[in-house]
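**Q** Spelled out from the first residue to the last, the chains are:
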Amino acid sequence: MTLKNIVFSNLKRRKAKAAFILVGLLIGVSAVVAFMSLVNALTHDINQKLEKYGANILIVPETENLSLSYGGLSLGGFSFEMQEIQQDSLEKLRFIKNAANVAAVGSMVLGAIKVDSHGVLLAGMDFDAAHFLRPWWKLRGTPPGEDGVLVGSQAARVLQLGLGDRVVANHRELTVKGILETTGSQDDHILFARLSTAQSILGKEGRISMAEVAALCAGCPIEEMIKQISEVVPGARVMGIKQVVQGRMETLHHFQKFGMGISALVMLVGGLVVLVTMMGSVRERTSEFGIFRAIGFRRRHLVQIVLLEAGIISAIAGITGYLVGLGATKASISIFTKSVGVAVHINPAMAGGVILLAVVLGLVSSAYPALMAAKLDPNEALRSL
Amino acid sequence: MSYIKVENVTKQYGSGDAAVKALRGMTFDIQEGEFVGVMGESGSGKSTLLSVMGALNTPTSGKYTVDGIEVYGLNSEQRADFRREFLGFVFQSFYLIPYLTVLENVMLPLTTLKMKGQEKRNMASHSLERVGLGGKSNRLPSEISGGEQERVAIARAIANEPPILLADEPTGSLDSKTSKGIMDLFRKLNVDGTTIVMVTHNRDYAHYAGRILEVSDGLLAQQERQFREVKCQLA
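Protein chains in written order, with this note's numbering: chain A, 45 to 429; chain B, 454 to 688.
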């Protein structure tokens, strides 16, 4: 026979009261978990979408003349006539502080060429990096080799080019190796060749017009990386394109703050439920505590009984609240995002945190009733019968 | 030297015009192994006296000593320890904990002692056997009769083998046959060496005691009227 036996026996007898406290805390815990899990899942979803954007840092020559729209994003601008970036200078990207966060660097040279009577933009690029930089590309055919060219869907239509056709650009004959399916971007209007091929055709050996850097991940310090790249590539303008989703992320943060506020309120109400119910329970058990004191229980033993009871209920509320909150998130995630298969995982740190939170809240809310029990005058308590 | 000494103990409830003097200066001694009955009318102060002797009710003035220990010189927690080591209580209403089994109720005074669970169970079982309820350990209090509940209360009071047993109207809610059985049990415990102080209304049962203290209006009758000591004739 220990204090634990008394606590468990009492909990078994007063199931309804224990359940009331449990539900009060459970609602609070599950609200916290639901909000946190939802925000985490949505953040993860957005990060994944962000990664699908491919490049998120652009390096372009410093310019004050023309503006250029690329990929639906305003990238500032540059002039084809202006000074380009030296290709060698990009080597320095390997030595910036956050070099490990750089997934791919894609150099690109751009220049206007004449194909038949049409003026068209020729882009030289690294097709190995295209997997990271333009993951949305779909080709018919294959990426081009030294003497090959990849044609944007609109360019193919206007120039009436098909796979295997030949194109002459600045006296160099190129074979159409692939045709890009419609992307809805400016890529549809461009001919793509290998970087060295395009540099040769355009007479820009060793020079590039712009570079794209894929550095997106949840923890990438993009702003810091932009600063680091600016320092090692002089004369270039380095821009982040994270702004596209920044608004949504901010909305998410506002939602998170709102959710935490609501959760705190719900937890507070849960705490009050525990406080009121435990006080009622102590009053109801006055005679019982009087007997305990009469037969030699110390005050701290009564405190232990009340707190142990609250701790057990709170821990159960924490565990079940976490699972209920997680379930609620899984059930409601489709309301907040149209993405299919957004994962809501068990997060041990969050689980531990909310269980601890529930136990602490339960104990803090029960501290006053426990002291009330300890201060009961045993003689008065026995006379109350 | 007396084992229990009550010296000029007073107890007043409230103050001013509303003050009620429950005990008005009581003095008496009890020897180790004595069986003392306390009698008196309702409101005479006998229950207050028992609560003072039970270290549950601090007297307004006076001194209460048990085995040389000045009980109300101890702090609240020390008095809790004192109750656990020296006293066993038997209440008129049994005060059994309804959600604990008979055995668990009897084990209650042992709960806070540092001893193995099996040892506690053995002591409680032994105690239950002494009151003749060895076979009802796993019943809940609601599953046994009133007389058996009283026996469980007695078993709980003697589970930690205290030297003093304080009983407040132990037969108050029992029929005469069951009451006689309880009183026989008390006498047996007294023969085994337990000092017993029992408050009762019933003079027949008071005669089980070796001495009767009559309380009237917060005073011992012997101080106000004539001293009266009744030797019980043990069967």
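Keep in mind that the hints were calculated from the coordinates and are not lab data.
Glycine included, each C-beta is placed from N, C-alpha and C at the ideal position.
The reader is advised that the hints may include incorrect statements.
In silico PhoX-like links for lysine-lysine, alpha-carbon gap of 25 Å or less [stated by the list, open to error]:
| # | chain 1 | residue 1 | chain 2 | residue 2 |
| --- | --- | --- | --- | --- |
| 1 | B | 569 | A | 271 |
| 2 | B | 567 | A | 48 |
| 3 | B | 641 | A | 48 |
| 4 | B | 641 | B | 589 |
| 5 | B | 458 | A | 56 |
Partial list, computed: chain B residues near chain A (C-beta under 7 Å) [to be verified]:
| # | residue |
| --- | --- |
| 6 | 461 |
| 7 | 557 |
| 8 | 568 |
| 9 | 646 |
Chain B regions said to be covered by chain A (calculated; three or more residues, Cβ under 8 Å) [unchecked claim]:
| # | stretch |
| --- | --- |
| 10 | 507-515 |
| 11 | 522-534 |
| 12 | 584-592 |
| 13 | 629-637 |
**Q** Report the numbers of all earlier hints that the structure fails to satisfy, in ascending order.
**A** 1, 3, 5, 6, 8, 9, 12, 13
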